[in-house]
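Student: Sequence:
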Amino acid sequence: MVGTARQTMRELIIHTPDGRIRPVPLQADRIMLGRSSTNELCYADDAGLSRQHLAIERAGDQWTLRDLGSKNGTLLNGNRIASPQTLRPGDRITAGHLTIEYREAGTATPAAPAPVSANTVIFVEGADTGVPAGTTQATSLAGILAGGPDQIKAEVIDPDRYMRALVRAGTQLNEHQSLDQLFQLIMELAIETVGAARGVLMTLEGEELVVRASRGQGFHISTRVRDVVMKEKQSLLIGDVFSDRAFMDRMSIVEQQIRSILAVPLQTEERVTGLIYLDSPHFVHPFTREDLSLLTVMANVAATRIEHARLTEVEQAEKMLARDLGQAAEIQQKLLPTSAPDVPGLDLAGFNLPCRTVGGDYYDYLPSADGRVALLVADVSGKGMPAALLMSSLQARAQILFDPPDNLAARVTKLNRAICQNCPGNRFITFFIGVIDPVTGEMTYCNAGHNPPVLVRSDGSVEHLEGGGMILGIFPAAVFEEQSCRLNEGDVVALFSDGVTEATQPGLDDEFGEDRLAQIVGEQRTQSAQAMLDCVNERLVQWIGGAPQADDITLVVAKRVPIPN
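Mapping to the working numbering: the sequence shown position 318 is 330, numbers consecutive.
Bear in mind the hints are in silico, worked out from the structure with no lab data behind them.
Treat the hints with care, since some could be wrong.
What the hints assert, rightly or not - Here are the simulated lysine-lysine pairs, DSSO-like style, with alpha carbons at most 30 Å apart:
hint	residue 1	residue 2
1	Lys83	Lys426
2	Lys395	Lys83
3	Lys346	Lys395
4	Lys426	Lys395
On a predicted model such as this, the values are computed, not experimentally measured, just so you know.
Construct the complete structure from the given sequences, taking the supplied hints into account.
Tutor: Structure representation (structure tokens):
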């Protein structure tokens with residue numbers, strides 16, 4: 013009997029910067045990855061990826077990796093690929109901020125053990141399908157409040173104690189204090205009010221319950237109790253744990269000698285934001301129906317106060333952030349040129365507009381004593397304050413390193429090593445420097461993974477200043493190359509960030525593009541550098557049609573003109 017060999021299934025394990033792991037079975041014959049939504053694997057927020065970055069393709073019984081002409085390249089086991097490469101199990105692919113492992117399906121990925129804290133709350137799975145019966149009682153905030161004072165009197169044995177406790181809680185909770193202090197105060201009030209031995213207060217952060225305050229440690233809480241409180245908005249009292257079979261079977265609870273349990277939701281109107289859990293051992297008095305009702309209403313007061321404190325802290329933080337960002341924007345604008353230098357033989361103009369208060373784009377002019385001028389443009393990955401901080405660091409290094417602007421390849425190599433030592437692992441910088449001699453028109457340049465500048469000749473023909481090396485901040489041993497060209501009178505070179513060429517129209521995936529930029533510069537090449545820059549900005553605004561700016565925009569235009577006699 014002749015058998016057919018079963019083909020081994022392969023998969024990709026994608027590791028993202030936030031620590032998440034995504035397995036992707038290789039079932040289709042071709043899988044594309046990039047920022048565009050047209051890819052099977054779309055990572056729109058990864059600024060290190062091109063719109064169509066790479067493809068994994070089936071080749072018989074094997075799979076190959078192909079780079080799709082991406083700007084920052086694709087690495088296979090640390091080496092940049094220039095042609096399709098056959099993948100082998102265990103290979104690691106680097107693209108943008110992603111690390112991708114190629115392996116046989118089903119191979120175990122080791123997980124780091126989670127640290128165990130003495131105050132960790134452990135939710136104990138139970139076999140019971142409902143709330144334990146026995147001595148268990150339930151109520152709800154809605155049920156208590158719906159009946160008004162009469163319902164409260166029916167719920168409690170001592171109305172005076174009830175009201176005194178609520179007045180005391182309201183008075184103390186209204187005092188100004190931080191959230192951490194507020195959580196601890198609520199915990200202490202709850203324990204003292206019902207005479208509990210210990211307790212824990214937890215709030216819902218996203219989809220996870222987080223411990224905010226506690227007295228005691230090693231809490232074991234039934235998942236069914238948790239779900240009834242959080243999802244069904246019910247307050248629970250288990251008067252005698254040993255009378256409920258579901259709890260008698262939970263040795264983790266029995267071993268702690270827990271006798272009585274209270275669990276109530278932190279609830280504001282219809283929204284549950286957390287829970288308070290209290291318990292007492294056998295030698296402390298059991299909780300009562302009065303305790304349950306009192307703690308339920310007190311938790312409502314506490315939840316309202318927590319939300320108010322959160323909103324106050326958020327408002328204060330937003331005011332401080334707005335003030336700090338305003339000052340940071342002012343400082344950053346002073347780091348960029350206020351005007352272009354007067355260089356005989358060159359007409360220069362530059363422009364920068366961050367998409368947020370501060371940005372990660374950088375441009376500069378560095379005139380030399382011999383009459384040459386260096387033009388610099390860079391783009392730090394990401395946006396906002398982190399990108400702005402890296403931009404300011406780059407500016408300080410560049411102004412020192414390129415004085416004078418000779419041996420560009422060696423100096424960019426040195427700049428890359430310095431950035432690699434200080435740049436976070438999820439950040440990088442694209443960088444271009446071009447040095448123009450206005451007398452001879454010679455331009456030497458080095459491009460570190462940046463958009464190739466557009467060179468429009470006086471006759472309207474277009475060239476792109478390709479070559480140089482990879483982006484800064486990834487590999488300390490990266491090697492860079494210096495290139496050169498010659499500008500004749502009337503020639504124009506435009507340096508730009510991808511915020512210009514990747515600007516899209518509202519609701520469409522169509523980019524402004526390098527061809528459109530080159531066309532506009534070509535049409536306006538007889539005008540001044542400032543006029544060309546203004547025209548590009550005007551057309552760019554028309555293109556995005558009033559939509560919010562998606563990325564920082566930087567544009568520098570240099571035109572060679574006759575040197576005055």
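Student: Hint by hint, say whether it matches the structure.
Tutor: Here is how each hint holds up against the structure:
1. Lys83 / Lys426: Cα-Cα ~22 Å, so holds.
2. Lys395 / Lys83: holds (19 Å)
3. Lys346 / Lys395: holds (19 Å)
4. Lys426 / Lys395: holds (25 Å)
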